[in-house]
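> Take a look at the letters that make up each chain.
Number of protein chains: 2
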Amino acid sequence: LPRRAPRCPATAKAPSPLFDSLDTFTDRHVGPDDHETSFMLSKLGYDSLDSFLAATVPPTIRIPATTISDVTMPALSESELHARAKALGSQNRKFKSYIGMGYHNAVVPPVILRNVSEVFLIRSLPTCLTLSQVMENPAWYTPYTPYQPEVAQGRLESLVNYQTMIASLTGMDIANASLLDEATAAAEGMVMSYVHSGQKRKSFFVDSAVLPQTIAVLRTRAKGSGIRLLVGDSRAALEDPELRADLAGILLQYPDVNGQISDYRTLADQVHASGALVVCATDLLALTLLTPPGEWGADIVLGNSARFGVPAGYGGPHGAFFAVTDGLKRKMPGRLIGRSKDTMGNPAYRLALQTREQHIRREKATSNICTSQALLANMAAMYAIYHGPVGLTRIAEKIHLFTQLLHAGVERLGFRVVNNAYFDTLTIDVSPVCKSAEVVHAAAALKSINLRRVDSTHVGVTLDESVGYEDLETLVSVFSTTTSGPTEVLASIPEPIATALPASLVRSSEFLPHPVFNTHHSETEMLRYIFHLASKDLSLVHTMIPLGSCTMKLNSTSSMIPLTWPEFGGVHPFAPVDQVEGYKQIIKELETDLCKITGFHSCSIQPNSGAAGEYAGLTVIRAYHESRGEGHRDVCLIPLSAHGTNPASAVMAGLKVVPVKTHGDGNLDLADLKAKAEKHKDNLAAFMITYPSTFGVFEDGVTEACKIIHKNGGQVYLDGANLNAQVGLTNPATCGGDVCHLNLHKTFAIPHGGGGPGVGPICVAEHLAPFLPSHPLVQTGGEKGINAVSAGPFGSASILLISWAYIKMLGGNGLSHSTNVALLSANYMAQRLAGHYTLRFKNDNGRVAHELLIDLAEFDKAAGLKVIDFAKRLQDYGFHPPTCSWPISTCMLIEPTESETLEEIDRFCDAMIQIRKEVEDIISGKQPRDNNLLKNAPHPLSAIVLSEKEWNRPYSREEAAYPTPWLREKKFWPTVSRIDDAFGDLNLLCDCPSVEELAS
Amino acid sequence: LPRRAPRCPATAKAPSPLFDSLDTFTDRHVGPDDHETSFMLSKLGYDSLDSFLAATVPPTIRIPATTISDVTMPALSESELHARAKALGSQNRKFKSYIGMGYHNAVVPPVILRNVSEVFLIRSLPTCLTLSQVMENPAWYTPYTPYQPEVAQGRLESLVNYQTMIASLTGMDIANASLLDEATAAAEGMVMSYVHSGQKRKSFFVDSAVLPQTIAVLRTRAKGSGIRLLVGDSRAALEDPELRADLAGILLQYPDVNGQISDYRTLADQVHASGALVVCATDLLALTLLTPPGEWGADIVLGNSARFGVPAGYGGPHGAFFAVTDGLKRKMPGRLIGRSKDTMGNPAYRLALQTREQHIRREKATSNICTSQALLANMAAMYAIYHGPVGLTRIAEKIHLFTQLLHAGVERLGFRVVNNAYFDTLTIDVSPVCKSAEVVHAAAALKSINLRRVDSTHVGVTLDESVGYEDLETLVSVFSTTTSGPTEVLASIPEPIATALPASLVRSSEFLPHPVFNTHHSETEMLRYIFHLASKDLSLVHTMIPLGSCTMKLNSTSSMIPLTWPEFGGVHPFAPVDQVEGYKQIIKELETDLCKITGFHSCSIQPNSGAAGEYAGLTVIRAYHESRGEGHRDVCLIPLSAHGTNPASAVMAGLKVVPVKTHGDGNLDLADLKAKAEKHKDNLAAFMITYPSTFGVFEDGVTEACKIIHKNGGQVYLDGANLNAQVGLTNPATCGGDVCHLNLHKTFAIPHGGGGPGVGPICVAEHLAPFLPSHPLVQTGGEKGINAVSAGPFGSASILLISWAYIKMLGGNGLSHSTNVALLSANYMAQRLAGHYTLRFKNDNGRVAHELLIDLAEFDKAAGLKVIDFAKRLQDYGFHPPTCSWPISTCMLIEPTESETLEEIDRFCDAMIQIRKEVEDIISGKQPRDNNLLKNAPHPLSAIVLSEKEWNRPYSREEAAYPTPWLREKKFWPTVSRIDDAFGDLNLLCDCPSVEELAS
Ligand SMILES: Cc1ncc(COP(=O)(O)O)c(C=O)c1O
Ligand SMILES: Cc1ncc(COP(=O)(O)O)c(C=O)c1O
Ligand SMILES: O=C([O-])O
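From first to last, the protein sequence lines are chains A and B. Each residue of the first sequence is one higher than the one before, counting from 58 in the working numbering. Each residue of the second sequence is one higher than the one before, counting from 58 in the working numbering.
To be clear, the hints were calculated from the coordinates, so they are not data collected in a lab. The structure displayed is predicted, hence computed values, not measured ones. Each residue gets a CB set at the ideal place from its N, CA and C atoms; glycine is no exception. Be careful, since some hints might not be right.
Claimed, not checked - Covered stretches of chain A, as calculated for chain B (at least 3 residues, CB under 8 Å): (1) 576-582; (2) 606-620; (3) 1012-1020.
Unchecked claim - In silico contact screen, one side only, chain B against chain A (beta carbon under 7 Å); selected entries: (4) GLU580; (5) PHE588; (6) HIS589.
Said to hold, decoys possible - Label-pair distances were calculated between CB atoms; the ranges are: (7) SER1051/A - GLU1007/B: 39 to 47 Å; (8) SER147/B - PRO543/A: 28 to 36 Å; (9) ILE550/A - PRO833/B: 55 to 63 Å; (10) GLU530/A - ASP901/B: 50 to 58 Å; (11) SER1051/A - ASP104/B: 29 to 37 Å; (12) ARG285/B - TRP622/A: 50 to 58 Å; (13) GLU468/B - SER95/A: 41 to 49 Å; (14) PRO131/A - GLU545/B: 21 to 29 Å; (15) PRO633/B - SER99/A: 54 to 62 Å; (16) TRP622/A - ASP512/B: 36 to 44 Å.
Extracted from the complex, chain A is given alone in its bound form:
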């Protein structure tokens, strides 16, 4: 191994002219330097990167090196990027929005802003592992669950806090750990109602006062699921016995889009009497004052938790919550954290009830959700912990008071408030004063204020935590300038005594009584709690996280800095387009770059996860077929090795899944594909393929496969989760695809955030472009666009900045170089491990793609060891285990990415090789099969600090904790021992301990 020489950053850019900036990004992003790549190449027997690439990637699909280069995509240095982001940010005009409709101005407590958002972002823990690793193992529900909660107790505790907060505020039994946004959560509620009826009742009724973006997303989803969606006046509709008989559920908004708060008790009774479910979209802050839906009969309660400390960010990301009654919990979509105990009997958190999810149930899952919004859920939970029930109530009361004052103010000016019962939102009839709402909007614009556009004679105003008394005065003055009435309105209004909440709906029940919400209220306590939780979690700041298919690369500081600028944080997604030129330009540039990279014609960045992208892409394909009079095409071919989200998304799009086989060598069985394509040719809609395959190999047959599909009338959907192996070398279009999604939270460096946020844009060929998703409130998508797939017109808009910055800073050369090094590192690793482990698949030249699959099956027989035992033992070595038991139950899928240095890669290989030696001692009988370093792994501190008597192990403490010398200098310790999942699912506890529990 060569001694690490001073870094030569020459590779990435053509020899840089003397005048170029020095703070170039590529050499900071890519781990191995030129010396190290040469060394790796020589170990693999190549004299150049080119010869290595030629042996790795099929020549048939290679694109010219000039396609993605600094000529086509010039690189900006870090400071140039920031200057450009500033310039674009300044094109977003700073209006204060009172638009509401689910989006508010948030006040992020500084201690949370700095220490949760940033620390958590940087220290992001992957959870894609969580959700996928056991997807092909039908015997998942065992103590050997391969998820790694032992090194994730901090994040898990925080998500339990979130679940507890949601359940407590909504008055429901159980809540999950977040969904993508309010609109998709509503869609999940709709589908759950339908499934609950045994798919017998096909109608779902949506109250017309539900948010319009929610209705749009419901339309898209209803179509795929074969649900009859009706929108209208709920009370009137329920008079209809025919509807009642077919009704699966009803969706109500509480308070509704106009701010009105209605008592839905009677309605709920009626719905229940007819055998349907009540789904309620609601607002967490309002629930501090209002009777929670759980107390008036809702079965499913959902909404957006963003106003708990998450900035609007032009629409996202934010966490959606989803809570149900106890009876519905096994049908609930999304991740659920529960309490269990570890082998030493200590309490420990981990995922609960995973059998509900797509990675287990595949096409039988009711939802395709995988990546969700963990980071945003954590922020919202921290917000509630910081304020506590008393603080939250004070915030809500103040907003309500201000809304009452505004009410009194505008009425004094002659306007008429339409809604009589409200929390924070007024719908105001302007006609008594001026002839058109436009007059008021124009007056507002002069004060840099946005109001909600209701119709030609009504405007809407929604207040939030950020509104101070001066803002209120300005707001009233907007109205007063349109009249000849008094100007000093507010000061003369007496403080209201009664509230404008309906008396029957004033909350009487306690909420958030748990100690965690009543303890950390000083900044010192909050800070220590945040850091204490973070200290339990292994993250990229400690070591590589070589999760195959997850692409855990550097999340650079420079790409994340603009995100926290006010220019980007405070923008309402429905702000007039002329106020968001900066965002528009960034989105346009990102879409253009993604099209260059994928070889496609158009892009939509609306989907806010990979799975959402799959669903969007398939729905686009369906719309395309329909436009050609082939709406009947509904068969989707999917290889057995595909990620669980693929079949689940296909079903959501209304497709029938037909599996395709793979050969023993890992390649797609083209004969089987051909046979099935031909068999279904009249109904063939699509074929979904992941490339390089989920087995980590570039298959030669991909172009052939695409030809077969096209010949039989189908469209090719390319799952772009593995795009990190393609950029600059090939692309989905060249491979023969028609549409693909990308995971910006993998390939394009958005941090995983402990399970989200993510962005799953889709890129499509020209013929599909007209069908890209639209939005009811903001012009976007194709001219024949499908309905919206996300609440926000541009999905999780604010974090697009990260991928935009990543691409701009690398430039074409840097992007390609990253791919090359990702491939090289994986192959180097494969070579080092090959003498010790069975490499499951490689191409004819012996090469893998950007990840490698090792098979541990042989050790089960020889030593009674399963994949999980290796994974837990890796924890003792301070590493995060790779993806386990997916896509093959006996395998580990390892992906180093380009950001890890040779030193770190070697350290990981050394650990694996050392573990192999430990295994040898078990095989040879030196160590017992049931009590050895692997079976007992991981060894947390509590297991090491045992007294002599208790230490009844056939190995020493040093062997357990410090199997290699470098661990003495640097080791991450798991905080609990192996966790008993069976116990946890049998004794399901998904909320924080209460006062009583803690006392006992």
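Dock chain B with the ligands against the given chain A, drawing on the hints supplied.
Relative to chain A, chain B with the ligands alone:
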């Protein structure tokens, strides 16, 4: 103990009108809530805070409650504060400064900005303990050194990196871990030269091309030290044999203020031949290209390390470096980190050669330096690690290239560059083109550019890392607009081939070859290194740091956020005053608030540490006496219990220290004071007193003492380190003082940063106001102001924002409430510990002030235990030990501050009480005297993970590591065992391991 109820934030503010902001700060800053303060009061037997305060603070010095209240000092909420900071920030005009003179625009690598500045700030480690705890123990140099390196290895390693970097770049043998700024470092160099001559040679010669602010500070200091300061042409001056005979040293600037690089070899030989020392002020970045001063004969090399990634911040803070030849190391001022080993033989860092310092040598110390600039030194070291020698050279070469292009450009336009050899700075004669430099300055101003004002026909331009090619074009265009010459100048200039560095001074020696500077060049590696180091250090994010006299309170996020705004970061300290209205206003408000708080008339925020404040205050007193024809007054009375900085500062100000006794009850011996004051009445200059005393008690006699001094013609200097016990209850003016310094890094919440930055403003009575420090370049101070005491006109200007924000957010009520709770918490702690430990001092009512002193002397005899054994054992409990062995060698001084909650205070008391039980086992003989839980403490992980054979302790691993149950959930582990200081000072190693060392 009452169950922690939802927080009621009512105390701080008068019942808040409904319209007030909810994000008030006081209830976030103060740990105990109203329930907890009531509980503590009841335990102490008081029914109200008022009755408690009456028993604690002498009524004679109390000020009316109305003095410091929300009426006199209204509170802003967190968001109001940010809005106000934004508004003020926007009043600083954004000019790009090319002024140079020691201040440059820095490019902070984003990974360092986010993860060092912020993480290190928040996780600030105190080092005032380091420097003060053993000050009264002449037997300090023992294995029982009471400093806590076991929980500070990360910061110590980083400071060693800094020392290594400085030594390597300057070509010197050894460097310290930072001084306050370049000017004070030069003053230290001057005094060292004088001391080196045995105080026999009284002349110090300063080259006239040294920075003017340095010369000003030298003047101040030369006067106090009795040194004859001469400024002029060095070469000419050295011709004078008389001067040569009396010459202690000479100060040269390399490159000099005009940018010129001179070969000083012959001059250095001459100086050495005459028996004097060569002191050189230099620029680190230039030294990557230039022969380092160590290679041409400098004995002392110093400067400012700010251009290594530290923003100008309107003058500070920044780290100054100081390096010397091996022979001078024992006379070097400031902190020095060295390598030693722990009891297990593992390498470990700790402070070296502490016997040089003021806390040991008091009035015999040559420097008073205590708090220095650890945080800024860490940032600079991280910058060098990130870039490495190759990267640093590229940066320097590019700046030099641009400077050459500028040179060619302005000459083509007809201007004349005066200096022929340069690195980054040109001095340009404008007279061939325009009649006055003002024409050029005016043209520059139109482009928002500042150039250096040299004189009426010359301007100066200094380039730095932030300058891009476009900036260069703009710069040339400034000159071209003043001529009728060509406009497209730059493009036509060929790239220069030769450099403008003198051939004889091109660097040939290698620098920074150490692995640490050649490894962490990718962002992932850098991030992991930063977090790895931080993980070794105990900080406020883990637990209270109850260091008596250090006031480790919350450093709130909101008070630190504005600091990172570009509005405040990039401002040059010598920018025209009309560009810094925002800074001016903030400084004015802070000075006004500090005057209100201290009861004084005027304030200077120039001193950049507490010790610097002492020196400034005493110098002001001397100037006052002088102005009255009493310049002969030179006696300073100082109690024996005073902090080591007091006598050291007095000596620096040219005063003779006469110690005053204290009584057995801890109070000042007024009779002794009176006797000494009368004895010295003709020469009495000052009396220095700390209040409350360093023993942690409000002495009744303070007013009487001040009267005695005044009666005898002296002035009273009040050391304000303990002001946290005074704010709102009393003040230094009411106590009878004439001048005091404040430690903004204690009382006013600037984080300690691991040993700085600090700010030590002085407040003075009206008669002293005319003498407040001036500055040669910016108008400040009194009309008869003493010379400057810091390089920057407003010292560490940027961090003043923190204290400004702290005061504004608390408001008068919050400030007073903080004091009250600080007193209450200390007294509650005293009460809980009193049954188990000997409380050394209290007032007649049994009350202590804001800290308490417990005496452990009895355990030496009974169990062979010293203070250090208790301190190290506290580390095993996860706590940072209190101040040890100061102000009494057998004592611990404990200060909880107002920010700690009752729960944390109780946890600390529980730990102390439990340790007392462990001691009982030793006293009773159950545990051996030489091998027990205390003597073997701390127990790092490496000591716990020992095999059965090696664990030869008379207690279990659990007793060692988890003596209380809460440690299992949350424990901070020391990373090394107890450190052998004797070994380290005998085998002095103050730099990073080299390649060879690491290999062996
Ligand atoms: C191959 C593959 N497809 C799809 C997905 C789904 O992406 P997401 O988690 O963003 O929904 C993943 C990963 O999670 C994946 O690995
Ligand atoms: C009583 C006292 N005086 C003076 C000082 C010196 O302050 P600084 O460290 O800022 O120089 C300190 C603390 O360090 C102190 O505790
Ligand atoms: O979640 C993943 O399957 O990668």
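> Quick one: which hint numbers does this structure break? Sort them smallest to largest.
Nothing - there is no hint that the structure violates, so all of them hold.
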